[in-house]
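> Residue-level listing of the chains:
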Amino acid sequence: QPFLPPSGEGCPRKNADAVQDRDASANPSSPIIAVFKVFQQELDTKHDKYERLVKISRDVTIESKRTIFLLHRVTSVPNAEDILNEADVKLDAVRQKIGLIAEELRGEDIYQFHRAFTAGIQEYVEAVSFLHYIRHRSLISLEEINARLVFMRTEKVDPKGSDEALPLGAQVLTFHVTPSDYLLGVADLTGELMRMCISSVGNGDIDTPFQLSQFLRQIHDGFSYIGNTGPYEVSKKLHTLRQSLGKVEDACYALRVRGSEIPKHMLADVFSSRTTLLDPEEGVV
Amino acid sequence: HHFSPDIRKVVQILEQNAREILTVLQSVHQPSGFKEIPSKCARARELFCTVRTQLADLKTKFPVEQYYRFHEHWRFVLQRLAFLSAFVVYLESETLVTREEVAQILGIEVVREKGFHLDVEDYLAGVLIMASELSRLAVNSVTAGDYSRPLRISNFINELDSGFRLLNLKNDPLRKRYDGLKYDVKKIEEVVYDLSIRGLAKEPESGVDK
Chain A
1 QPFLPPSGEG CPRKNADAVQ DRDASANPSS PIIAVFKVFQ QELDTKHDKY
51 ERLVKISRDV TIESKRTIFL LHRVTSVPNA EDILNEADVK LDAVRQKIGL
101 IAEELRGEDI YQFHRAFTAG IQEYVEAVSF LHYIRHRSLI SLEEINARLV
151 FMRTEKVDPK GSDEALPLGA QVLTFHVTPS DYLLGVADLT GELMRMCISS
201 VGNGDIDTPF QLSQFLRQIH DGFSYIGNTG PYEVSKKLHT LRQSLGKVED
251 ACYALRVRGS EIPKHMLADV FSSRTTLLDP EEGVV
Chain B
1 HHFSPDIRKV VQILEQNARE ILTVLQSVHQ PSGFKEIPSK CARARELFCT
51 VRTQLADLKT KFPVEQYYRF HEHWRFVLQR LAFLSAFVVY LESETLVTRE
101 EVAQILGIEV VREKGFHLDV EDYLAGVLIM ASELSRLAVN SVTAGDYSRP
151 LRISNFINEL DSGFRLLNLK NDPLRKRYDG LKYDVKKIEE VVYDLSIRGL
201 AKEPESGVDK
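In order, the protein sequence lines correspond to chains A and B.
Take 1 as the starting number for the first sequence in full-length UniProt numbering and just add one per residue.
Take 1 as the starting number for the second sequence in full-length UniProt numbering and just add one per residue.
The hints are simulated quantities; they were obtained by calculation from the structure and are not laboratory data.
Just so you know, not all the hints are guaranteed correct.
[Stated by the list, open to error] Not close to chain B: a few residues of chain A, all C-beta gaps over 10 Å, as computed: (1) V35; (2) E103; (3) Y133; (4) M152; (5) R195; (6) G202; (7) D250; (8) R256.
[What the hints assert, rightly or not] Taking lysine-lysine pairs in the DSS-like style, the calculated list, with each CA pair at most 27 Å apart, reads: (9) B:K114 - B:K9; (10) B:K114 - A:K46; (11) B:K176 - B:K187; (12) A:K55 - B:K170.
Cβ coordinates follow ideal geometry from the N, Cα and C atoms, glycine included.
Please take these sequences and the hints and turn them into a complete structure.
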């Protein structure tokens, strides 16, 4: 134990004197202050970049979400092609934003800033894979996604006179979606596909549910195989995925068993009431 | 490829190394320990050799460009090692170790592009851990009969505090750790106050103009 326990009570030399003395010893030209000014700049620069990435990522999220809403309308319009073309245009704009992310990340360790833009990228994966499914009835691969995230930039004159093999004035910038972000985006896609399944039934389309069911089952089986070996977020989404798959499988069951008995315009109601009554744990594979 | 298991094995060894160094340095808080500060610092420096070897090994366990992907694995122990480096240097010279010096002691880089490096925030966290250790040392100095050391520690910590005030911190772990600095400052001020009202404190050689 200390001989003189530090005492706080009854301290007449109050804080004002203490602060004065403190500042007196903080010589503005002291080496410690000088070095902390450098730290200040370093931290500010990093935080500024992080914030810029957050802002771009938010734009990516919003536009990707709007594209998804747009794509849902294909089940209720006669000419799906217009919608698909519009979605292409929107996603091109999103890709340009991702190009801005790639620029910010140039020369950086992407994992230092990953949290800033992961949400936006997952949303983009969801949107682009949704469009791909509607067109091709298959799952877009990570390679295909990354192949479209290659950007050409006209380079300003390089003052260091680098001896790169690239022609003067051009530079290739790439953005790589990580396998983890890809998986998480695809997991979210299954939720949209489940919605699409329910709404397509309501529109009298009784083929789509069965196609979707098969497709979702394959995705689900893929995720099950990964199980808990992937990132933690994937395990969480696996649970939601099972629910989505369950709803779709129940929709197919109901169609198979009772589809012919129910007027088409009431089919959707049957599914929504049946699926919401169902305990999420039941009907899970 | 799973890098984490190999990384974790080396980190565990590093944590053990850090505990050994801390054990050596902790003893300066005992009254008898004060006289032995130089030899304890020398011993600690010897133990840092092992740390350098381990960190050199750690570098090989993952792709060099993915430092921040795995940073969380070693963040804690690297901050401890930064603290221990700062503590040794303070005991030796009563100055603030620079980031470059810490990197040298640990055998790592300062600049990310050059390889496995010491992130500025991990360096700062280490400095803040040292501040707590110094507030404890101020108290125990008095117990051991050294009445001038607390004044020097007080000036040093106040300067650190002024430095940290320049930083624009986000609401992250570093900021929370910085929030603890004011308690260290206060504790040391109280020690200094106790000494001064009892007439036990002399102005330190590198005096402050009042």
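> With reference to the structure, classify each hint as holding or not holding.
Tested hints:
1. V35: violated (7 Å)
2. E103: Non-interface label stands for E103 of chain A: nearest chain B Cβ at 18 Å, farther than 10 Å.
3. Y133: Per Cβ check, Y133 of chain A is outside 10 Å of chain B; nearest 30 Å; holds.
4. M152: Label holds. Min Cβ-Cβ 23 Å, cutoff 10 Å.
5. R195: Its Cβ never comes within 10 Å of chain B, the nearest being 34 Å, so this holds.
6. G202: holds (45 Å)
7. D250: holds (38 Å)
8. R256: holds (43 Å)
9. B:K114 - B:K9: holds (24 Å)
10. B:K114 - A:K46: Roughly 18 Å between the alpha carbons, so the hint for K114 of chain B and K46 of chain A holds.
11. B:K176 - B:K187: Judged against 27 Å, a Cα distance of about 18 Å means the pair holds.
12. A:K55 - B:K170: holds (17 Å)
The structure is inconsistent with hint 1 alone, although it conforms to all the rest.
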